[in-house]
Amino acid sequence: MRPSSALLVGVVKLLVGAYARWVGSAPGPAQRIYFANHTSHIDTLAIWSSLPRELRRRTRPIAARDYWGKGVRKYIATKGFGAVLIDRTRGDPLVDPLEPLRASLRDGDSLIIFPEGTRGTSATPAEFRSGLFRLAGEFPTVELIPVYLDNLHRSLPKGALLPVPVVCTVRFGAALAPQPGEAKESFLARARDAVIALSTKPA
Amino acid sequence: MKTLLDRVPHEFLWLFGSLMGLLAIASAIGWMLARRDNDARKAASVANLNERINAWWVMVAILAIAFLAGSTTTLVLLALASFFALREFITLTPSRPGDRLPLFLSFFVIIPAQYALIGTEQYGIFAIFIPVYAFLLLPSIAAMRSDIDDFLSRSAKQQWGLMVTVYCLSHAGALLMLPIEQGRNGLLLFYLLLVVQMSDVMQYVFGKLFGKTKIAPVVSPSKTVEGFVGGGLAATLIGGAMWWITPFTPPQSAAIAAIVVIMGFLGGLTLSAVKRSLGAKDWGVMIEGHGGMLDRTDSICFAAPVFFHVVRWFYA
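These protein sequence lines are chains P and F, in that order.
Using the numbering used here, the first residue of the first sequence is number 732, and each one after it goes up by one.
Using the numbering used here, the first residue of the second sequence is number 26, and each one after it goes up by one.
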């Protein structure tokens, strides 16, 4: 592991713990898309840090270019956790923003994505956007793993500058796949429900 | 190397050597027990035993660090313990957006400052920094955010968390600044940890063997009169037998150990009541098997300040 990555993981663990709980799946070498609820800038780092070290090397979080694309943040994103930067602004309507994701999947990497597209403020995620459905159709062999991030909206919520240390659990659920012929809306609703289902702690 | 060994009292070498030997034997036994075919209940007991043995290794490592790497390293380790304990406490305590700045300051200003005051031997400020200044200023900052929902309850819980996990726990580190015979402060810290830990272990053992009468069934079902009396007496005797590493005479050492035992017991009981009032059986369940820093330090949090003041008053 690069020293910058080790330092980053150390800081994230000190701040929010980022303890992984594999509820419906187990960590493994299969190519995957992890999709999660999004409430904080630490989300990306928390999921990535919670993965076993050997999986971290092949797992690339998706990060918005408008936030992570310049200065120190860019250094952290590219050198620290190997992020794939995407355009949320769609500056050029002819360029598909999913293209960098496809390129990484073709290279055999796993991805971490946030289908809400932006950070929310509540514990329940907003409606999912369609990118997840499209990638699922184009890469049928890639496992789709729902992930729920606990408590991070308390650590560094939208609009906050200073992080508060709070213990965060990262729950990984069972893999999900679109049924043959399943409509986009139906699949996205199921995917979102799978994330929400992980928000209630197992007894 | 010679200067290092000169600095270290010879008691340290005795303690360190014998503890390492005992622990190695204990770990070997624990390892063999874990390898046997056990039913679920036995396996849980063995896992618990091995956790306790590992806690002892940590304690011995702290002792070694306290002597070999010096007091700064010890204080940094204790500050980290406070940090993790406060993080657990805050995780289970509801907070609102208006609490963010006071909480940030608690973690990143108050914890380092409290331990820096020990490192620079500022006893006067150390003793009042959190009970006076944090107590007055943190709620003031929160009040500026004009969020009055549950204001008193939020402020009180946060102050309580700071008092237990930072103020009380830091008194274990403060033993290092007491003006007793040069180089023996680390042994005092070790004495405290030893008696508290022995008391916990012995109460557990006596409770398992003879426990019948529950002391506070709602708060802490595992605490029994038989466990407390038997385990407490055993820990008192062990504390008395350790007089030679302290400034105390043997009877004094036993009496002080008894005080540590009682305070440790009250700490476990009180923090258990706090946990339950926050809706958890133990800190580990609510944060799903992780953390547990508070489970491990609850007795020390209550015993450390009283032990510190007893030594400061009568022996420094």
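Read the hints as simulated data drawn from the structure, not as lab findings.
The C-beta atom is built at its ideal place from N, Cα and C for all residues, glycine as well.
Keep in mind that a hint or two might mislead.
Claimed, not checked - Below, computed lysine to aspartate or glutamate pairings styled on DMTMM-like, alpha-carbon distance capped at 25 Å:
hint, chain 1, residue 1, chain 2, residue 2
1, P, 889, P, 913
2, P, 744, F, 174
3, P, 889, P, 874
4, P, 889, F, 320
5, P, 801, P, 869
6, P, 889, F, 172
7, P, 889, P, 797
8, P, 915, P, 785
9, P, 889, P, 840
10, F, 237, F, 320
11, P, 889, F, 175
12, P, 889, P, 869
13, P, 801, P, 840
14, P, 744, F, 172
What the hints assert, rightly or not - Away from chain P, derived, C-beta distances all over 10 Å, residues of chain F:
hint, residue
15, 39
16, 42
17, 111
18, 302
19, 337
Hint-by-hint comparison with the structure:
With a C-alpha separation of about 34 Å, the suggested pairing of residue 889 (chain P) with residue 913 (chain P) is violated against the 25 Å cut-off. The straight-line distance between the Cα atoms of residue 744 (chain P) and residue 174 (chain F) is roughly 31 Å, outside the 25 Å bound, and the hint therefore fails. For a cut-off of 25 Å, the pair hint linking residue 889 (chain P) to residue 874 (chain P) is broken: about 30 Å separates their Cα positions. At most 25 Å may separate the alpha-carbon atoms for a hinted pair to count; residue 889 (chain P) and residue 320 (chain F) exceed this at roughly 32 Å.
Distance restraint check for residue 801 (chain P) and residue 869 (chain P): the Cα-Cα separation of roughly 31 Å exceeds the 25 Å cut-off, and the hinted pair is therefore not satisfied. Between the alpha carbons of residue 889 (chain P) and residue 172 (chain F) the distance comes to roughly 18 Å, so the proposed pair stays at or under 25 Å and holds. A threshold of 25 Å between alpha carbons decides the hint, and for residue 889 (chain P) with residue 797 (chain P) the separation of about 15 Å falls inside it, so the pair holds. Between residue 915 (chain P) and residue 785 (chain P) the alpha-carbon distance is near 33 Å, which puts this suggested pair outside the 25 Å criterion.
A hinted pair counts as satisfied when its Cα atoms are at most 25 Å apart, and residue 889 (chain P) with residue 840 (chain P) does not qualify at roughly 29 Å. Restraint check for residue 237 (chain F) and residue 320 (chain F): the C-alpha separation of about 23 Å stays at or below 25 Å, so the hint holds. A hinted pair counts as satisfied when its Cα atoms are at most 25 Å apart, and residue 889 (chain P) with residue 175 (chain F) qualifies at roughly 23 Å. Distance hint between residue 889 (chain P) and residue 869 (chain P) is unfulfilled; the C-alpha atoms sit about 32 Å from each other, more than 25 Å.
Taken as a hint, the residue 801 (chain P) and residue 840 (chain P) pair is honoured in the structure, with Cα atoms around 24 Å apart against an allowance of 25 Å. Straight-line distance between C-alpha atoms of residue 744 (chain P) and residue 172 (chain F) comes to about 30 Å, which puts the hinted pair past the 25 Å bound. The non-interface label for residue 39 (chain F) is consistent with chain P: the shortest C-beta to C-beta separation is roughly 36 Å, beyond 10 Å. No beta-carbon of chain P is positioned within 10 Å of the beta-carbon of residue 42 (chain F); the least distance is around 34 Å.
A beta-carbon of chain P comes within 10 Å of the beta-carbon of residue 111 (chain F); the shortest separation is about 8 Å. Under the 10 Å C-beta cut-off, the non-interface status given to residue 302 (chain F) relative to chain P holds; the minimum distance is some 19 Å. Annotated as non-interface, residue 337 (chain F) keeps its C-beta farther than 10 Å from every C-beta of chain P; the closest such distance is 32 Å.
The structure does not agree with the numbered hints 1, 2, 3, 4, 5, 8, 9, 12, 14, 17 stated previously, though it agrees with the rest.
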